[in-house]
Amino acid sequence: MTLPTGVERHDFDGETSLATRGQPVYGERTDGDWRRWDPHRSKLGAMLEHGMDTGLDGGETVLYLGAAAGTTVSHVADFGGPTYAVEFAPRPVRELLDAAESRPNLFPLLKDARKPENYAHVVEPVDVVVQDVATRGQARVATLNKRFLTDDGRLLAAIKARSEDVTADPDAVFDSVREELSAAYELLETARLDPYHEDHLGIVARPRED
Amino acid sequence: MSNGWFAGLDPDDDAAAVEQIEAGRADTPEDWPQQAVEAGFADDEAAYYDRLHEVTMAATSAAVAEQEGADDQQLVHAVRAMADCERTANELAERVAEWGGGRHGDSGSGVEYARSLVERDDEDEGDRALRALAEQTADLADEADSLRAYIERTAPAVAPNLSMLAGPVLAARLVSLAGGLETLAKKPSGTVQVLGAEDALFAHLKGNAPSPKHGVIFTHEYVRGTRREDRGSAARALAGKLSIAARVDHYSGDRRPELQAELDERIERIQARAEAGTEEQE
Chain Y
1043 MTLPTGVERH
1053 DFDGETSLAT
1063 RGQPVYGERT
1073 DGDWRRWDPH
1083 RSKLGAMLEH
1093 GMDTGLDGGE
1103 TVLYLGAAAG
1113 TTVSHVADFG
1123 GPTYAVEFAP
1133 RPVRELLDAA
1143 ESRPNLFPLL
1153 KDARKPENYA
1163 HVVEPVDVVV
1173 QDVATRGQAR
1183 VATLNKRFLT
1193 DDGRLLAAIK
1203 ARSEDVTADP
1213 DAVFDSVREE
1223 LSAAYELLET
1233 ARLDPYHEDH
1243 LGIVARPRED
Chain H
5 MSNGWFAGLD
15 PDDDAAAVEQ
25 IEAGRADTPE
35 DWPQQAVEAG
45 FADDEAAYYD
55 RLHEVTMAAT
65 SAAVAEQEGA
75 DDQQLVHAVR
85 AMADCERTAN
95 ELAERVAEWG
105 GGRHGDSGSG
115 VEYARSLVER
125 DDEDEGDRAL
135 RALAEQTADL
145 ADEADSLRAY
155 IERTAPAVAP
165 NLSMLAGPVL
175 AARLVSLAGG
185 LETLAKKPSG
195 TVQVLGAEDA
205 LFAHLKGNAP
215 SPKHGVIFTH
225 EYVRGTRRED
235 RGSAARALAG
245 KLSIAARVDH
255 YSGDRRPELQ
265 AELDERIERI
275 QARAEAGTEE
285 QE
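Residue numbers (our numbering), protein chains in the order written: chain Y, 1043 to 1252; chain H, 5 to 286.
Worth flagging that the hints you see were computed from the coordinates, not collected in a lab.
Just so we're clear, the structure is a prediction, and the values are computed from it rather than from any experiment.
Incorrect hints may have been included.
As the list claims (entries may be wrong) - From the structure, some residues in chain H lie toward chain Y, with a derived Cβ separation under 10 angstroms: (1) 24; (2) 25; (3) 29; (4) 31; (5) 32; (6) 36; (7) 37; (8) 38; (9) 59; (10) 63; (11) 65; (12) 68; (13) 69; (14) 253; (15) 260.
Said to hold, decoys possible - Restraint ranges, calculated between C-beta atoms of paired labels, are given here: (16) 1179/Y x 214/H: 39 to 47 angstroms; (17) 1251/Y x 146/H: 55 to 63 angstroms; (18) 1237/Y x 256/H: 19 to 27 angstroms; (19) 280/H x 1140/Y: 50 to 58 angstroms; (20) 280/H x 1248/Y: 49 to 57 angstroms; (21) 208/H x 1073/Y: 56 to 64 angstroms.
Claimed, not checked - Listed next, the stretches of chain Y that the computed footprint assigns to chain H, with coverage defined by at least 3 CB atoms under 8 angstroms from CB atoms of chain H: (22) 1127 to 1137; (23) 1149 to 1156; (24) 1159 to 1166; (25) 1176 to 1187; (26) 1201 to 1207.
The beta-carbon is built from N, C-alpha and C at its ideal position, and this holds for glycine as well.
Using the sequences plus the hints, can you model the full thing?
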């Protein structure tokens, strides 16, 4: 698997890990400019660690849904181009603002990913939508945000089974999410994100033509 | 005419830009950087992105401050004030009812009776004094209602998960009884279960009373709506989820909708015991 330009396997005191270059954000280990990208803390990191073909080359325009405190989106902004970070909860956004301070290509937005019309006046069409929202209706969020993707863009989503239905078998949840998503997207690759994230499904998908 | 956030803006007007980021809307994204350059809003795309970074930082920071302006201490004051207003309104309403009963032979009671007196015409000074007191009573009850509305608006911003599980008013009461969200987050769930039942708890600790099964969480439909034999279990299950919710709210602020599903499922199982006709303890 080729990693995007700007991401590499870097040695931190004898331990090799994914890393990007930028200001540290969450107390991660650093070596010079390089900062460790911990796959246990980041679903996109786990997708790369699993060798999923994300299609990321580096320099992409990105819309990140569910940016939370900025752990993953800070790494994305380190290797990506203009990066729009949408998060709904005010408390983690304080830390997201800290992460964005030193990253001029990271644009934080306190918005609800279920209401794209409230940020489509700011966000331009993007090459990649990264989605990590722990809310019920994750397939619907992805479908609603399809409007942001260019024709050959990619959706990189981490689906959390317990957010959909805590009582159901995760496999059943993933089946129904895959099915709902297939109406709007062509699914290119899916993989469970264990052992980094239990009961999460990583998805790489391309928008279908309308 | 562009729907972009920069449309019609003076490039140097920070306040207007922040307002547009927060309140603007568009159905579909467009190539905003290019449009902004064409419209003369920015010299080139690099300048556009610099400006976008400035205004999204400012707008998001302002939006966070606004939503968090309602901090847990504001909530504590509001819920205590609401309780004061309710209690005082009820006490005064009793006085009004007693007085009105003597004067007019009415048999009304409560705040509703006080409200009915406000509409009456005065015949003499005694009527005027009674009506003035009735007015004060009704105003206090109105104030309690508007404090309740304030709590319902702000509790979900301060403690989203706790408010989701407990409802905003009970969430605010729990925060208030603990003295703050942080102290609530640090309490074990057994303490959360009996918050508001301190008198009964101390009587129990002195050895002459049974342990209380629930405090203020009794007002939650999941406790009240469970049959008596199973209320202890329901209260324990509810308190467990509420204390997890308080911890998530204090330490991370994430939303965890699965907590609701988990609680629903636990309570359903506890309430199913009544249908099964069993008395088994957990």
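Worksheet item: Taking the closest Cβ pair, is residue 63/H under 10 angstroms from chain Y?
Response: holds (8 angstroms)
Item to complete: Kindly confirm whether 50 to 58 angstroms is satisfied by the beta carbon distance between residue 280/H and residue 1140/Y.
Response: Holds, since residue 280/H and residue 1140/Y (Cβ atoms, about 53 angstroms apart) stay within the stated range.
Worksheet item: Can residue 29/H be said to touch chain Y, with a Cβ gap under 10 angstroms?
Response: holds (5 angstroms)
Worksheet item: Range hint 49 to 57 angstroms: satisfied by the CB atoms of residue 280/H and residue 1248/Y?
Response: holds (51 angstroms)
Item to complete: Under 10 angstroms, Cβ to Cβ, is where residue 36/H needs to be relative to chain Y, so tell me if that hint holds or is violated.
Response: With a closest approach of 5 angstroms, the residue 36/H hint holds.
Worksheet item: Are at least 3 residues of the segment 1127 to 1137 of chain Y within less than 8 angstroms of chain H when you compare beta carbons?
Response: Coverage by chain H holds here, the residue count being 7 at a Cβ distance below 8 angstroms.
Discussion item. Does residue 68/H hold up as a contact with chain Y if the rule is Cβ-Cβ below 10 angstroms?
Written reply: This hint holds: residue 68/H lies near chain Y, its Cβ roughly 5 angstroms from the closest one there, short of 10 angstroms.
Worksheet item: Hey, does the residue 24/H contact hint survive, CB to chain Y under 10 angstroms?
Response: At 8 angstroms from the nearest chain Y Cβ, residue 24/H passes the 10 angstroms test, so the hint holds.
Discussion item. Let's test the interface hint: is any C-beta of chain Y closer than 10 angstroms to that of residue 32/H?
Written reply: holds (5 angstroms)
Discussion item. Given the hint of 55 to 63 angstroms, is the C-beta distance from residue 1251/Y to residue 146/H inside that range or not?
Written reply: holds (58 angstroms)
Practice prompt. Would you check whether residue 59/H satisfies its interface hint, that is, whether its CB is within less than 10 angstroms of any CB in chain Y?
Written response: holds (9 angstroms)
Worksheet entry | Cβ contact check, 8 angstroms cutoff: the segment 1176 to 1187 of chain Y against chain H, three residues minimum | Holds, because 3 residues of the segment 1176 to 1187 of chain Y bring their Cβ atoms closer than 8 angstroms to Cβ atoms of chain H.
Violated hints for the displayed structure: none, as all numbered hints are satisfied.
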